[in-house]
Amino acid sequence: MTIVKYRTLIFIITGILLAGAIGAIATYGLPLGIDFTGGTAMQISYPEGRPALADVQAQIAKVSLGVVSVRESGNDAITIHSRTMTPEEHLAVLAALSEKAKPTELSYSSVGPTFGTQFAAKALWALVAVALSIALFIAFAFRKVSRPVPSWIYGLTVIVILVHDLIVPAGFYAVLAHMTGADVDVLFVTALLALLGYSVNDTIIVFDRVREHLATNERTNSKESFEVTVGKSISETLTRSINTSLTVVLALLALVFYGATATRDFALVMLVGVIAGTYSSVLVAAPLLIPLSRWYTKK
Amino acid sequence: MFASYVLVAEKNMCAIAVTLRRTLFLSLRQTADPLGEGVRAVPIMSYSQKNARGASFCVLEALNYTLAMTRYRVWSLIVLALGVLLAYFVWSTEMDPASRYHFRFGLDLAGGTELVYKADMSQTPAGDQASALSALQGVIERRVNLFGIAEPIVQTEQAGGISGSADNRLVVALPGVTDIKAAVDALGKTPTLEFRLQKDVQTGTTTIASFEPTGLTGRYLQSAALQFGSGATAGLSAPIVMINFNTEGAALFEKITKENVGKNLGIFLDGQPISTPVIKEAISGGQASITGRFTAAQARDLVNNLNFGALPVPINLESSSSVGPTLGAAAITAGVMAGVIGFAIIALFMIVWYRLPGIIATVALAQYLVFMLAIIKTVPITLTASGIAGLIITLGMAVDANVLIFERTKEELKSGKTPREAVHVGFARAWTAIRDGHLTMIISGVILFWLGTSLVKGFALVFVLGTLASFISAVTISRVYLLALVPEQAKGRWHFLLGSGFRNV
Numbered sequence: 026m027t028i029v030k031y032r033t034l035i036f037i038i039t040g041i042l043l044a045g046a047i048g049a050i051a052t053y054g055l056p057l058g059i060d061f062t063g064g065t066a067m068q069i070s071y072p073e074g075r076p077a078l079a080d081v082q083a084q085i086a087k088v089s090l091g092v093v094s095v096r097e098s099g100n101d102a103i104t105i106h107s108r109t110m111t112p113e114e115h116l117a118v119l120a121a122l123s124e125k126a127k128p129t130e131l132s133y134s135s136v137g138p139t140f141g142t143q144f145a146a147k148a149l150w151a152l153v154a155v156a157l158s159i160a161l162f163i164a165f166a167f168r169k170v171s172r173p174v175p176s177w178i179y180g181l182t183v184i185v186i187l188v189h190d191l192i193v194p195a196g197f198y199a200v201l202a203h204m205t206g207a208d209v210d211v212l213f214v215t216a217l218l219a220l221l222g223y224s225v226n227d228t229i230i231v232f233d234r235v236r237e238h239l240a241t242n243e244r245t246n247s248k249e250s251f252e253v254t255v256g257k258s259i260s261e262t263l264t265r266s267i268n269t270s271l272t273v274v275l276a277l278l279a280l281v282f283y284g285a286t287a288t289r290d291f292a293l294v295m296l297v298g299v300i301a302g303t304y305s306s307v308l309v310a311a312p313l314l315i316p317l318s319r320w321y322t323k324k
Numbered sequence: 207m208f209a210s211y212v213l214v215a216e217k218n219m220c221a222i223a224v225t226l227r228r229t230l231f232l233s234l235r236q237t238a239d240p241l242g243e244g245v246r247a248v249p250i251m252s253y254s255q256k257n258a259r260g261a262s263f264c265v266l267e268a269l270n271y272t273l274a275m276t277r278y279r280v281w282s283l284i285v286l287a288l289g290v291l292l293a294y295f296v297w298s299t300e301m302d303p304a305s306r307y308h309f310r311f312g313l314d315l316a317g318g319t320e321l322v323y324k325a326d327m328s329q330t331p332a333g334d335q336a337s338a339l340s341a342l343q344g345v346i347e348r349r350v351n352l353f354g355i356a357e358p359i360v361q362t363e364q365a366g367g368i369s370g371s372a373d374n375r376l377v378v379a380l381p382g383v384t385d386i387k388a389a390v391d392a393l394g395k396t397p398t399l400e401f402r403l404q405k406d407v408q409t410g411t412t413t414i415a416s417f418e419p420t421g422l423t424g425r426y427l428q429s430a431a432l433q434f435g436s437g438a439t440a441g442l443s444a445p446i447v448m449i450n451f452n453t454e455g456a457a458l459f460e461k462i463t464k465e466n467v468g469k470n471l472g473i474f475l476d477g478q479p480i481s482t483p484v485i486k487e488a489i490s491g492g493q494a495s496i497t498g499r500f501t502a503a504q505a506r507d508l509v510n511n512l513n514f515g516a517l518p519v520p521i522n523l524e525s526s527s528s529v530g531p532t533l534g535a536a537a538i539t540a541g542v543m544a545g546v547i548g549f550a551i552i553a554l555f556m557i558v559w560y561r562l563p564g565i566i567a568t569v570a571l572a573q574y575l576v577f578m579l580a581i582i583k584t585v586p587i588t589l590t591a592s593g594i595a596g597l598i599i600t601l602g603m604a605v606d607a608n609v610l611i612f613e614r615t616k617e618e619l620k621s622g623k624t625p626r627e628a629v630h631v632g633f634a635r636a637w638t639a640i641r642d643g644h645l646t647m648i649i650s651g652v653i654l655f656w657l658g659t660s661l662v663k664g665f666a667l668v669f670v671l672g673t674l675a676s677f678i679s680a681v682t683i684s685r686v687y688l689l690a691l692v693p694e695q696a697k698g699r700w701h702f703l704l705g706s707g708f709r710n711v
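Chains as they are written, first to last, in the numbering used here: chain A, 26 to 324; chain B, 207 to 711.
Since the hints were derived computationally from the structure, they do not count as laboratory data. Where a beta carbon is used, it is the ideal one built from N, C-alpha and C, also for glycine. Among the clues, some could well be false.
Here are some chain A residues pointing at chain B (derived, C-beta under 8 Å) [unchecked claim]:
(1) 112
(2) 176
(3) 211
(4) 229
(5) 265
(6) 287
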């Protein structure tokens with residue numbers, strides 16, 4: 026019951042958290058990677074020791090590529106970002122880098138600009154489509170529950186929660202990208218989409234319990250207030266909401282600490298997202314039903 | 207002995223049967239059993255009727271439960287044996303170098319190059335685009351095969367609503383190839399064959415031979431073949447490239463040769479003259495032979511280029527990526543490491559918190575993993591770094607359903623039900639939340655797949671399959687195991703074994 030009682034406080038804290046995440050995105054921005062903007066990213070390793078970045082810049086300058094960014098990556102590698110290179114320019118850059126050292130190209134990726142913008146549009150559609158279909162599905166799954174709130178309110182609440190579950194990890198990523206030079210890539214979008222599908226699970230657990238209690242109340246003609254029902258549902262399902270997320274958090278921690286470097290940022294975003302998703306499901310989703318039900322009955 | 211057993215059984219079971227009947231009557235009327243087995247419908251009867259049937263009913267009921275337990279034990283042995291067999295399959299196929307069920311690693315893990323081309327369909331009528339795209343795929347496949355690398359993949363992506371793509375695309379994956387330029391050159395080369403007439407131009411005192419296009423090009427080519435004629439001079443067999451024109455080309459060729467007897471007809475490949483024979487007479491029938499300045503190897507290339515040559519539609523390179531072998535190998539090792547550690551800590555948590563059900567969940571999780579690996583091997587699904595990450599994440603998600611069921615079972619135990627009854631009801635009541643939760647994950651997985659660059663597809667496939675598999679494993683495998691072990695009544699150590707967290711039952 027504590028959660029329902031202090032719901033206003035929780036809403037305020039959630040609001041502050043959301044404002045912080047939005048603030049981070051506004052301040053640092055989400056730097057779009059080559060998957061969206063088009064361009065070339067190269068990762069070069071120098072097993073015999075990494076030269077100064079300025080030297081590398083000077084070497085690449087021989088190939089006219091416009092603005093080129095060179096950053097350190099890992100212990101002995103660098104990453105180079107530039108506009109989309111042609112295969113010939115790619116070879117020229119490799120030749121220029123090999124003049125004084127013996128570098129190995131770890132990876133190379135080049136995306137044409139139109140390809141990038143199309144992917145961006147598609148990714149946005151995918152996010153909207155997932156959120157909408159989940160909300161519609163929830164509204165459908167709870168169609169038999171109509172008192173005191175109609176089933177579409179459950180769907181609407183889920184959308185609000187999903188937006189929260191996306192903004193928090195996105196804000197986290199804005200900070201992470203600011204610190205490490207990472208950018209928004211295909212994997213980031215993948216993480217968000219997977220999060221949408223997963224973090225709604227905990228919300229479903231609580232809603233499912235509310236649904237069950239409402240059905241029982243109706244059968245037994247109980248005059249229990251909606252507030253009490255919601256509070257009861259939350260505290261009864263608290264352990265399982267936490268435990269289901271905890272197992273995923275454990276898997277993600279293993280990925281962050283031991284997994285491939287390529288999926289580290291991905292795992293971090295999912296980690297933050299899963300935690301935010303559990304928080305919002307337990308503390309925000311069901312309590313949010315109470316003011317919504319009041320608003321609906323008054324209307 | 208027997209009599210006393212019956213007596214005890216009667217005493218115990220009868221009490222259970224009575225409570226069971228009462229609770230089942232009250233609670234199960236509302237609860238659908240998802241798998242159609244489990245709690246049987248208990249006849250609803252009045253108390254007087256029930257008392258009349260008395261002891262014999264109780265003995266029957268006791269027998270019924272012993273039978274049910276034996277049935278679940280047999281089933282659990284079968285399920286366990288299947289799991290061991292699958293594990294053996296996964297292990298042995300990986301050890302056997304000749305097996306065709308090795309894990310397939312994507313380019314980001316195995317190293318290699320991926321090229322994405324956009325097919326320029328601006329000149330192709332809408333109705334022909336699909337066939338043009340598949341013809342393009344055929345041509346590129348033949349060119350890729352000339353590389354002689356293992357398992358190249360050429361895929362097409364058709365424009366339109368279903369794929370969500372605005373362009374027709376061709377995706378070429380070349381494992382082991384890291385020289386992008388060489389690959390692009392070899393694939394993108396469009397040999398143009400042209401027949402040009404020599405025309406001498408007088409400039410001042412010198413005569414310059416220039417060639418004028420005749421309109422006859424490789425477009426009218428039907429097929430080309432390599433032959434070896436006996437060279438008259440050196441006694442060496444000279445390579446001859448035989449060309450067959452289609453009807454249109456044959457007519458054009460006849461017209462050109464008829465009107466220009468005595469002149470030189472230049473044969474140009476990619477703008478370079480390869481031979482300039484003199485037209486001796488009009489040639490009908492649409493056959494021409496080219497002999498000239500080329501070796502046998504060059505002639506073979508020419509024939510290949512002519513046959514496989516002209517692309518049905520022009521292509522532009524849109525994106526390319528390559529990963530060196532070192533990065534990929536490190537990613538595989540790291541992925542395996544993270545998987546092992548992830549599995550171990552999830553198992554540890556489940557066993558410490560849920561005790562006996564935790565052990566069962568761990569066995570079910572191991573079986574889930576083995577099942578997924580077997581699916582990945584047999585379908586086969588190409589594993590990418592994100593796919594491996596997806597598999598590890600689904601390990602954490604796969605036990606979710608178990609957590610829901612165990613928590614629910616615990617609640618039922620607390621409300622005074624007997625352990626077996628609690629398990630049955632726990633499964634039945636956790637069902638709606640499990641179903642709804644898994645469905646939302648499948649929704650997002652399917653849309654992820656649609657978003658589909660190869661990176662995302664790897665993840666999405668594993669995610670969707672993992673969700674389905676964990677769905678099945680949680681509601682069937684752990685259920686069978688649990689019902690094979692959990693006794694009718696919680697006594698002695700069962701209070702501890704069925705407890706969770708810091709509490710016993």
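These are the hints, each one checked on the structure:
1. Checking residue 112 of chain A against chain B: minimum C-beta separation of about 4 Å stays under 8 Å; hint holds.
2. Proximity of residue 176 of chain A to chain B is violated relative to the hint, the smallest CB-CB distance being about 13 Å (cut-off 8 Å).
3. Interface restraint check for residue 211 of chain A: the shortest CB-CB distance to chain B comes to about 5 Å, inside 8 Å, so the restraint holds.
4. Look at residue 229 of chain A: its Cβ gets to within about 5 Å of chain B, closer than 8 Å, so that hint holds up.
5. Among the interface hints, the one on residue 265 of chain A holds; its C-beta lies about 4 Å from the nearest C-beta in chain B, closer than the 8 Å criterion.
6. Because the smallest distance between the Cβ of residue 287 of chain A and any Cβ of chain B comes to about 4 Å, under 8 Å, the interface hint for this residue holds.
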